[in-house]
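Trainee: The listed protein sequences correspond, in order, to chains L and R.
If you count the first sequence from 1, position 417 lands on 403 in our numbering, and the numbers rise without skipping.
Add 1013 to the 1-based position in the second sequence for our numbering, that's all there is to it.
Hints listed in this document are in silico derivations from the structure and should not be mistaken for laboratory results.
We put the beta carbon where it would ideally sit given N, CA and C, even for glycine.
Do not take every clue at face value.
Claimed, not checked - Which bits of chain L does chain R cover? Going by a derived footprint, with three or more residues having C-beta under 8 Å, they are: (1) 37 to 50; (2) 142 to 149; (3) 155 to 168; (4) 180 to 191; (5) 302 to 311; (6) 326 to 340; (7) 351 to 359.
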Amino acid sequence: MAKFDFSDDSVVLIIGSGAGGGTLANELCQKGIKVVVLEAGALQSQATFINDEWKSFSQLAWLDKRSTSGSWRVAKDFAGLPAWICKTVGGTTTHWAGASLRFQEHEFRTKSVYGEVKGANLLDWPITLKDLEPYYAKAEYKMGVTRTNGIPGLPGNNNFKVLHAGATKLGYKEVHTGNMAINSQPRDGRGRCMQLGFCFQGCKSGAKWSTLYTEIPKAEATGNFEIRPSSHVTRIEHNTSGKVTGVVYFDKDGKERRQKARIVCVAGNSIETPRLLLLSASNMFKDGLANSSGQVGRNYMRHMTGSVYAAFKNPVHMYRGTTMAGIVRDEAAHNPSRGFVGGYELETLSLGVPFMAAFLNPGGWGSEFSWWMDHYTNLAGMWLVGEDMPREGNRVTLNTDAKDQWGNYIPNVHFDDHDNDIAMRNHAFTQGERIYQAAGAIKTFRTPPYPSTHNMGTSRMSARPQDGVVNKWGQTHDIPNLFISDGSQFTTGGAENPTLTIVTLAIRQADYIAQQMTERAI
Amino acid sequence: MRVISIAQESPEVSGCDEDSGVVRKVNLPLARREFLKGSGLLFGSLATGTLLAGLAPSSAWALELKKLSTAEGQTLMAMGRTLYPHEKLPDAVYALLAKDLDGAAAGSADTAKMLRDGIAWLNKSAGGDFAKANAKKREEIVRGMEGTAFFGTVRGQCITSLYDNDMAYAVFGYPGSAWEKGGYITRGFQDLKWLPTPSLEASPKPFLG
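Build out the structure end to end from the sequences listed, making use of the hints.
Mentor: Here you go:
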């Protein structure tokens, strides 16, 4: 691995090593650009991942202090844990389940297609599906997405069999084991899925794509790359001409450091990214960096989510095998006759006994709750994930009542469900239950949302500087050498799991940054 | 508190972080009587002929409390069983709840007071001994305490104390980590036979080399 000097102001500095930051780093390094990645979390590996839900959670999850507000149920059930995302090298690509779906064409122009939705801050993306298609193709190839590039689909597990039987009986047509960035056969130096059933806990076999053991080692091999784990950035600095010059961070020994840079790219996921911009407020940028629009932290989206679990007379053993290799796509389209705009996906999901107890019905108790746990082996489960409405009031702000271990204000995540989210969730719950009833369920249960895994929109992309934080390349409108490189860029959320689109945008952004550097524009 | 495992740790396991794949015996707590210095002691035995009794090297279990009395521990166990009643879970699992709450009480005088006050309230509401009240009465009393800090603490602790241990895994039929056994690729991940098999298009055959 290369080693760059703290005063080397020729490097591109990337904050975060997940789907956005890790991918961007490798793409830039492959082009001969020098990159320093500062990652807040520690380095783990396939050998150190723990296939035990609570222990793994302690090892990988971002557990720094956070607060919540708003009418969403997560604020009540998990007041200090708005999101289930990671603080580790590889970021949340260690935890993600691998579902890799392209956005649909209309999802890039929801304001035009959905029209005015009261209480929603819809906006068309400054890019179209056509702009992204070549980059989606590159991302799918890079990640080895099943059912693309001639890669076979994954074999369905028992949980999928239940979903498939019910969904097809109900008349759903697009039901299969998904487009998954999990090897169904050996590829890219990694083995095929062993059906371990612990996709969320860090894939010990390495069959699931994670920047930890794909992009990062590939970047290292170029000699242009340095990653510093356990390095928490607290501030982005700028000069009098309003360009960023580097960052201040605490290193693995808790020592405060300053790293200079030519370009800074922020990819800390959609809570830490806006928080860092806000924490970096200065005399010149009083409301935080890149915030002339006032949109930093706003339009926080977390997807409409929920789960349906169902009990059957016979065993399912849903925990066996790939967690999310199963999907029903028929509800993903925009079909306002259902009573809401946008669409949703139904995807298989399972939890082990420890997390089932924690998440099935948070706060629940009594014989009804026990009944579900007693029937654990006979349960099937699915996750509902759909487009939620961006709202200006749904936002990440600094909570000035509390500080983190570095002495900085913690982020508060405020979220109120939009009526459209609620209507969509109810529809999805009903359809999920009907699927399981069609497969012979004796009982079904509507599980409320887990802490957010899909965090988006808090530094949105916009054509006009007054509408958002970044342009169509993820470059901030206000500061040309400051980029946002994660899901915070999303103008709207789509119905699809966001990782593939984050990777796609990162590949595209790398081309733009390289070109701008060559042209000496930045 | 000392809890001495009566399960045999295999030497392969103790030597490294990586699990060797040896199937572990069910881990029962056992405090050695001769060392007993604590405030209370919870003990019992697994019912013979049950699944757990077959897995455990011995049916006896015992657990020492640091702060709470035996009677207080028993009241908490009864509250755990009221909140999360599972016929098949032995008292040894509910004793883990008492152990974890006792640990919290030992670490904080405020927590100890809150737990003792709550326990006293439970007993008073039951007209003496909460643990001896019938199930209906116990549920009624516990329901009346919803929203209190005591209720929240005990209920919250139940989630990890009752459901994240190897006795619970065995009772609920959850094997936990599968890595050591090569996952489920050849061990039944698609062995469900009571529903139609999906088409090969929807679910291709597994790659087996």
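Trainee: Would you list, in rising numerical order, the hints stated earlier that this structure does not obey?
Mentor: none
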